[in-house]
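Trainee: We have chain L; now place chain E onto it with these hints.
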Amino acid sequence: KAGVTQTPRYLIKTRGQQVTLSCSPISGHRSVSWYQQTPGQGLQFLFEYFSETQRNKGNFPGRFSGRQFSNSRSEMNVSTLELGDSALYLCASSLSGQGYTFGSGTRLTIV
Amino acid sequence: QKEVEQDPGPLSVPEGAIVSLNCTYSNSAFQYFMWYRQYSRKGPELLMYTYSSGNKEDGRFTAQVDKSSKYISLFIRDSQPSDSATYLCAMTANSKLTFGKGITLSVRP
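Just so you know, the protein sequences line up as chains L and E, in that order. Heads up: the first sequence begins at 1 in the numbering used here, then just goes up one per residue. Heads up: the second sequence begins at 112 in the numbering used here, then just goes up one per residue.
Honestly, the hints are just simulated from the structure, not real lab data. Bear in mind the structure is a predicted one, so any value in this text is a computation, not a measurement. No residue lacks a Cβ here, since even glycine has one placed at the ideal position from N, Cα and C. Among the clues, some could well be false.
[Unchecked claim] Calculated lysine-lysine pairs in the DSS-like style (CA-CA distance at most 30 angstroms, straight line):
hint	chain 1	residue 1	chain 2	residue 2
1	L	13	E	212
2	E	207	L	57
3	E	178	L	13
4	E	113	L	57
5	L	57	E	178
[To be verified] Stretches of chain L that chain E covers, calculated by requiring three or more beta carbons in the stretch to come under 8 angstroms of a beta carbon on chain E:
hint	segment
6	31–37
7	45–55
8	102–110
Isolated chain L, as found in the complex (with noise of 0.2 angstroms):
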């Protein structure tokens, strides 16, 4: 059975620019979260979705937004690119909002 897919692996932005990733959840799955990784902060909970509705979010501005579709795949957006935003974004689905199944993420670096 296929894994969690994010699309890209790798992307090179600029301060300013916006960006918008993407993650195909497991079959089945319909819970699907956000979290940024980077080495001084670790792992940390953007938002997670479940049928096409936010049920959770985490502690990050504004710009940083996400929707899913009724497929159950789902897109995070950040605008107005920062440096600090330069970090590991991993996707995550689960069945019942309790075992996760990480993707292997996509490495935005800003410059």
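Mentor: Coordinates of chain E only, in the frame set by chain L:
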């Protein structure tokens, strides 16, 4: 105080050693407890998942949860060089995973 505290490491052990990894937490609302393993340039991989206090064993791995002390542990028996990775504890409340900072384990042949 952070919600989840994990021993910072790094940790280096010889092949065959028993490894003990630990986390403490402060939020009594946490219901599910997990251990993830992360190799370089990969996403975290779920190793162990448990709900109740007590021990859960899976091959060379044992997860231990003590809810009264707010303490969880992961034991790795007969450690192998292939176990070299970063190990993260994680806990959930309301479908939100809160992670420890992770500890990098190196198993020397």
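Trainee: For the pair we were handed, residue 207/E and residue 57/L, check the Cα-Cα distance against 30 angstroms.
Mentor: Measuring from Cα to Cα gives roughly 8 angstroms; hence the hint holds.
Trainee: For residue 113/E and residue 57/L, compute the direct alpha-carbon distance and say whether it is at most 30 angstroms.
Mentor: holds (18 angstroms)
Trainee: CA of residue 57/L to CA of residue 178/E, is that 30 angstroms or under?
Mentor: holds (26 angstroms)
Trainee: So is the segment 102–110 of chain L in contact with chain E by the C-beta rule, three or more residues under 8 angstroms, or is the coverage claim wrong?
Mentor: Since 4 is at least three, the answer is holds.
Trainee: Check whether the Cα positions of residue 13/L and residue 212/E lie no farther apart than 30 angstroms.
Mentor: holds (27 angstroms)
Trainee: Mind taking a look at whether chain E covers the segment 45–55 of chain L? Criterion is 3 or more residues with CB to CB distance under 8 angstroms.
Mentor: It holds, with 4 qualifying residues against the three required.
Trainee: Within a Cα-Cα threshold of 30 angstroms, do residue 178/E and residue 13/L meet the stated pairing?
Mentor: Since the Cα atoms of residue 178/E and residue 13/L sit roughly 44 angstroms apart, the hinted pair is violated (cutoff 30 angstroms).
Trainee: State whether the coverage of the segment 31–37 of chain L by chain E holds or is violated, taking the criterion as 3 or more residues with Cβ-Cβ distances under 8 angstroms.
Mentor: holds (count 3)
Going down the numbered hints, you'll see the structure goes against just number 3.
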